[in-house]
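Model the placement of chain B on the given structure of chain A, informed by the hints.
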Amino acid sequence: MNAFRHAMARILGQPLLGLAVVVALWFWAGMIDRATVQLLSFLMLNILLAQSINLLTGIAGQISLGHAGFFAIGAYAAGVLTKSHGISVPLALILAVALTAAVGWLLAIPAGRVKEFYLAMMTAGFGLLCFEIAKEWSSVTGGVVGLSGIASPTLRNLKVLGWTFDAVDLFRAMLVATAIVLLLMRNLVQSYHGRAFFAVQASEIAAGSMGIARGQVKRRAYAISGAMAGLAGALYAHLVGYLGPDSFGIMRSVEVLVMAIVGGMGTIVGPILGAALFTWLPERLQVFAEYQFMVYGLILMVIFLVLRRGIAGALTEPTRFIAVRAMAAARAADTKPAAPAPATNPGPADRPALLEVRDLARNFAGLVALDGVSLSLRPGRITALIGPNGSGKSTLVNVVSGIYQPSRGHVVLDGEEIGGKPDHMIAQRGLIRTFQDPRLVPSFTVRENILLGGQRHFRSPMLAAALRWPSTLREEADMVRRAEQVMALAGLDGVADQIIDSLPYGYRRLVEVGRAIMAEPTVVLLDEPAAGLSEAELGRLATMIRHLRDTGKAVLLIEHHMDFVNDIVDDVVVLDSGREIYRGDMRGMREDPAVIAAYLGVGQNDHA
Amino acid sequence: MTFAGQLIFAGVCVGAVYALIALGLNLTFWATRTLNFGQGSLMMLCAVVAVMVFDGGFNIYLGLLAGVAVAGVIAAATEAIAIRPITRLTGSMGWVVTTLGVGIFLQGFVSKFFGSQALAFPSFLFSPRDYVSVLGVRLSAQYLIILVIALALVLLFELFQRRTAWGRALQAVAADQDLAAVMGIPVRLVVTLSFVASGLLAGVAGALVAQITGTVDAAFGFNLLIFGFVAAVIGGMGNTWGALLGGIFLGIMEKLVGGYVSTAAEQAIAFALLMIMLAVRPEGLLGEKEFVKV
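Going down the list, the sequences are from chains A and B.
FYI, in the numbering used here the residues of the first sequence are 1 to 608.
FYI, in the numbering used here the residues of the second sequence are 1001 to 1294.
Chain A on its own, in the form it takes in the complex (with noise of 0.2 Å):
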């Protein structure tokens, strides 16, 4: 089976399959009868919005149970415009998919403040709030009698600049549409944009932590997702030449998330195969059609029981998210690993601190979890924050890092003040750190999920990257020339193209680590990233430790495991119930009777 699904991958791998495929519909087109042409039209639709659906949900995270108010919207506005205001069918065309794209960049403000199923509610609501309009605004919409005589094939009315288009034509035209979405689509999820929303569907505080504004990624995946539906929605107003509410009802917005998820979310091929099965399927199989709510209910009960990544995941492999070409270009350059930075001595101890904490303080509804703790982390040192549980170590981390506010105090980063800011700006300033339990996309190969580091150092415009664009590949192929150095050091190349959650835990640390590696970030905050690693791991740890030492960063290092600490830190600060009880060396601290009466719980008395 795995072989299978990897000739399978080798297959649809082809560059110019896509292409193949294009040209023989188009010539198949002219030569087959009307009603397999207008079936094949409708499979573009589907296409098209399966795809819509899956970059919100399926790649962004956004769950969607309204989309086919996105597919109302386009398709009203394009026949609105043509019919009613007489704009020619291009520009109508054009101004509906901005109409759309712009409800949906509208509609990710309420709904990127909420998850789970209060967005899942949110997204039924606007499905729900779009139909209605439908309905009932009748002196736009035509109210339940519905708009008809729209520009169509079969009106023979279809004027495109200057030439009337019948079935085939329009056929052709939604062809080449959608081929090129899936082009641009493709491009966009192999870049750091795409990865950028895979990053906020598995975790938004991750994705915070690598500097992805999630906020943004989630107005564009709306956009991008609405502009699609919409496209589709314009081109089924072309299609029909009639359109009634009822064809965007709560139903159809259940029809095209079935079509996702049973293709596959997430990856590019499945939701065609999706649209394909069920463009067909009504189609051809009398019984299918005669209880096709009753079908989808039940595909959508058993689904992730049977199928758990629909069809795509049971006969290929899973989409990759680096361009192919820019993994090529990174083997064709250079690619002896960077030789290991020259041990050097800690940098001295008085040069001016990257990152200043004052007097900083938390408390959450009346329990004080830090209580003025000051400290400075200067380039090229490594500070242990060590503590009993609760003492504030990682709530210290949290406000440094921009993932609470301080309840009091300051945060210098670089001469810059930063507390209080959110935590994606902190991240692209330079602070990085990484989490108690890694947190990393569980779907991405090691590679990809180091390369996430990177998001900080890219520039690419969106536009740019959906267009593949020469300097887009370029700056791809250096960051995969980068990860592979990280990697290297990591000791991760063995691993570079396993998918992360098939990998023991320990790996998970080193490429959360080495994530922040690839950051290149000034500051460093390492909250126990020895926790649950074996001795062999724990070498690679340290080594990867100096390594950011010795390229000059400031580490702040959490951390129980003494030994580990012990070897690697310059400095040391204890806190104890928020407060900072010693500063120092690590053996003035083994000494230290408020150090030793806050592990061991011995009364003050006793030491004084």
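I should point out that these hints are in silico values taken from the structure, not numbers from a laboratory.
For glycine and all other residues, C-beta sits at the position ideal for the given N, C-alpha and C.
Keep in mind that the hints are not guaranteed to be accurate.
To be verified - Across the chosen pairs, the derived CB separations fall in these ranges:
#, chain 1, residue 1, chain 2, residue 2, range
1, B, 1213, A, 85, 35 to 41 Å
2, B, 1181, A, 365, 26 to 32 Å
3, B, 1004, A, 138, 25 to 31 Å
4, A, 593, B, 1160, 54 to 60 Å
5, B, 1179, A, 536, 34 to 40 Å
6, A, 436, B, 1260, 51 to 57 Å
To be verified - Derived list of chain A stretches under chain B, where covered just means 3 residues or more per stretch with a C-beta under 8 Å from a C-beta of chain B:
#, stretch
7, 116-124
8, 250-257
9, 287-293
Said to hold, decoys possible - Derived contacts from chain B toward chain A, CB cut-off under 10 Å, selection only:
#, residue
10, 1038
11, 1109
12, 1127
13, 1131
14, 1263
15, 1264
16, 1272
17, 1282
18, 1285
What follows is chain B alone, placed relative to chain A:
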């Protein structure tokens, strides 16, 4: 003034039913942190079963009993086949899709075998023409009794939750399932019974709404599910008094918009309210902000 009074009265009555739906959602939310997206179909199914039994020549109350029982059983079945196996398997999105699947299946089933045409729902509480006059405002007796039933159920439920061992067990499960299990609470049973109760409430709400509208069809429930959710969200998810407040607020808004603006906008106002509420204050009017632990 009497027009406004009548609208507000109708809004309060309809809103009390929305509160009942919201209460059903709150129940499963407490027990499992999930909502049944097929809840709307349970409301529809209860009303359809009642009509079928009634058309078969039996007493309408027997029909209602049968309908409510069917809704309760299917709610428990939904938990067993569409929620429990999925929450163990996938992330947060899986159960939304599977419970929606159950709802779509039921809707498809009813429209296939009972037709997608609207079925007449018999009047079992007075006739639509009966009224009582209060301070010059003619109040429909049917609406009044619906209000009484809905309010009584909400109050009973609040009492049950505060005063009985089962109510406290439910609160314990809501706070922390694992801890509740360690304390010897039969978590599985509490969860199953919560779904049964949630289904019963959905069934009653469905019958009450069908009584107002006079008809029921296969697509009857989905909008109601959203209305119930809006009520729950306005008040704060999981808050009983919030659900009542939210439901009545939504009901009054809906009737006022329908009366003074346009009946066409009656439904749309709820969807608009949902989006505004979630954007501005997702924790609801009476809810507390959930703290995100990292």
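Against the structure, the hints:
| no. | hint | verdict |
| --- | --- | --- |
| 1 | 1213(B) / 85(A): 35 to 41 Å | holds (38 Å) |
| 2 | 1181(B) / 365(A): 26 to 32 Å | holds (27 Å) |
| 3 | 1004(B) / 138(A): 25 to 31 Å | holds (27 Å) |
| 4 | 593(A) / 1160(B): 54 to 60 Å | holds (57 Å) |
| 5 | 1179(B) / 536(A): 34 to 40 Å | holds (38 Å) |
| 6 | 436(A) / 1260(B): 51 to 57 Å | holds (56 Å) |
| 7 | 116-124 | holds (count 7) |
| 8 | 250-257 | holds (count 4) |
| 9 | 287-293 | holds (count 4) |
| 10 | 1038 | holds (9 Å) |
| 11 | 1109 | holds (6 Å) |
| 12 | 1127 | violated (30 Å) |
| 13 | 1131 | violated (30 Å) |
| 14 | 1263 | holds (9 Å) |
| 15 | 1264 | holds (4 Å) |
| 16 | 1272 | holds (6 Å) |
| 17 | 1282 | holds (5 Å) |
| 18 | 1285 | violated (16 Å) |
Hint violations for this structure: numbers 12, 13 and 18, all remaining hints satisfied.
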